[in-house]
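Using the sequences and the hints, build the whole thing.
Just so you know, the protein sequences line up as chains C and R, in that order. Mind the numbering: the first sequence is residues 1 to 163 in the UniProt record's numbering, read in order. Mind the numbering: the second sequence is residues 1 to 163 in the UniProt record's numbering, read in order.
Each hint should be verified, as a subset may be incorrect.
No copy is singled out in the list; a pair is fine if it fits within one copy or between any two copies.
[What the hints assert, rightly or not] Computed cross-link-like contacts, EDC-like style, restricted to lysine to aspartate or glutamate with a CA-CA straight-line distance of at most 20 Å:
{"id": "1", "residue 1": "K44", "residue 2": "D120"}
{"id": "2", "residue 1": "K108", "residue 2": "D47"}
{"id": "3", "residue 1": "K52", "residue 2": "E107"}
{"id": "4", "residue 1": "K108", "residue 2": "D120"}
{"id": "5", "residue 1": "K74", "residue 2": "D120"}
{"id": "6", "residue 1": "K124", "residue 2": "D47"}
{"id": "7", "residue 1": "K74", "residue 2": "D47"}
{"id": "8", "residue 1": "K5", "residue 2": "E107"}
{"id": "9", "residue 1": "K44", "residue 2": "E3"}
{"id": "10", "residue 1": "K124", "residue 2": "E107"}
{"id": "11", "residue 1": "K130", "residue 2": "E42"}
{"id": "12", "residue 1": "K108", "residue 2": "E3"}
{"id": "13", "residue 1": "K74", "residue 2": "E107"}
Think of the hints as simulated: they come from the structure by calculation, not from any bench.
2 protein chains.
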Amino acid sequence: MAETKRIFTFLLRFIAFCTTLSAVIIMISSRQRATVLVFSFEAKYSDTPAFKYFVIVNAIVSIYGFLVLFLPPKSLLWRLVVALDAVFTILLTSSISAALAIAYVGEKGNPIAGWLPICDQVTKYCNQVKGALIVGFISVVLYMLLFLYSLHTALNPLLLEKS
Amino acid sequence: MAETKRIFTFLLRFIAFCTTLSAVIIMISSRQRATVLVFSFEAKYSDTPAFKYFVIVNAIVSIYGFLVLFLPPKSLLWRLVVALDAVFTILLTSSISAALAIAYVGEKGNPIAGWLPICDQVTKYCNQVKGALIVGFISVVLYMLLFLYSLHTALNPLLLEKS
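Quick look at the structure:
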């Protein structure tokens, strides 16, 4: 039973690692050159601080997720993992919220502020950003599950005594 | 000792309640009429979905924070509070990140997307939004502390046996 649970969380962590890494790759590779009237410009993630923040956080969580995969089951560091899962879940949530808020303005614009939607001009770029956000959202959900699971394991006094 | 800790967390929860409530009030009351060329417009929080989200989350957390103040110390619901603190910390983080991302565009603009900064036209509105975000940031930090504290209390087996 304990073995099944271990394999299950290992798989969950592996998928979470894949999603954060994919989010970074998709976001970084999103760039498109467009010409509006006489102005030519290149839309890329690094122009928007919120997208840069999204990439940095997902990259850090990818490295963390990769390292945790190789942590031995009996290691005392698993107690630290509860806290780190919490920190990284919060960071992922924060980064995807910021990126979503900006992507929403890119898609719909904000008429009162006079910010026009740009997705009609750079459709490919927008779709790629959307893809990165969807993958990022899956990773947030996975990290929330992982955090709840490690919290549950740590909170359960019976499991606590066994370890 | 236990009494001092209880008073301390009560105070922390009371301050957290005050900050979330203030964030709601400051954000809701932020509106300014401005005229640019021949166009007259009113900047208010409800034009921006990210600010609406910020207000809704802070209002929900205010109600939660108010109710928790009256929870008796021996109540079994304190175990639920650990989980709710986690959920609301994540929601607060998410809402302030989204609002910050939009406020940053309002202040600095985004030259590549052609979004002009609007804070020169509606300085009062911008300052009030900034105020709400600062108060909101304090409440995020307080809820993180409260969550860490309730997690610590729940994780500590000695405290667990005592309760």
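Hint check results:
| no. | hint | verdict |
| --- | --- | --- |
| 1 | K44 to D120 | within (15 Å within a copy, 27 Å between copies) |
| 2 | K108 to D47 | both (19 Å within a copy, 12 Å between copies) |
| 3 | K52 to E107 | both (18 Å within a copy, 18 Å between copies) |
| 4 | K108 to D120 | within (10 Å within a copy, 23 Å between copies) |
| 5 | K74 to D120 | neither (53 Å within a copy, 58 Å between copies) |
| 6 | K124 to D47 | within (16 Å within a copy, 28 Å between copies) |
| 7 | K74 to D47 | neither (44 Å within a copy, 53 Å between copies) |
| 8 | K5 to E107 | neither (42 Å within a copy, 49 Å between copies) |
| 9 | K44 to E3 | neither (45 Å within a copy, 55 Å between copies) |
| 10 | K124 to E107 | within (12 Å within a copy, 28 Å between copies) |
| 11 | K130 to E42 | within (18 Å within a copy, 31 Å between copies) |
| 12 | K108 to E3 | neither (48 Å within a copy, 53 Å between copies) |
| 13 | K74 to E107 | neither (48 Å within a copy, 50 Å between copies) |
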